[in-house]
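Following my numbering, the numbering of the sequence shown begins with 695 at its first residue and continues without gaps.
Simulated from the structure, these hints should not be mistaken for laboratory data. We put the CB at the ideal spot given by N, CA and C, even for glycine. Do not take every clue at face value.
Pair by pair, the computed Cβ-Cβ distance ranges are [unchecked claim]: (1) V760 with P787: 31 to 37 angstroms; (2) M775 with A702: 20 to 26 angstroms; (3) R721 with V766: 32 to 38 angstroms; (4) G720 with E741: 14 to 20 angstroms; (5) E728 with E759: 15 to 21 angstroms; (6) Y742 with S773: 16 to 22 angstroms; (7) D750 with A703: 17 to 23 angstroms; (8) S769 with T716: 30 to 36 angstroms; (9) E776 with F730: 29 to 35 angstroms; (10) S769 with H697: 32 to 38 angstroms; (11) K696 with Y780: 31 to 37 angstroms.
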Amino acid sequence: MKHTELRAAVLDALEKHDTGATLFDGRPAVFDEEDFPAIAVYLTGAEYTGEELDSDTWQAELHIEVFLPAQVPDSELDSWMESRIYPVMSDIPA
């Protein structure tokens, strides 16, 4: 699965579950107050593995990052993740 397809699959699953968040394909540099809550889906550390002959095989770390206003305590972030993000993970195609 290519990087663009992987991010799209995650974003599609998040949209289907109506998390109530603004979704970003990539990590935004700046947020506006009306963007919160926000979820950014992006990859880092992409590198060629060379595991297969005649194939471009890469690996990377997938990040699904949640942004809430600064005054929100970590316990609310934990609750947000458990109720809105974790249920979506099973709907993302492998």
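Structure-inconsistent hints, enumerated in ascending order:
Violated: hints 1, 3, 6, 8, 9 and 11.
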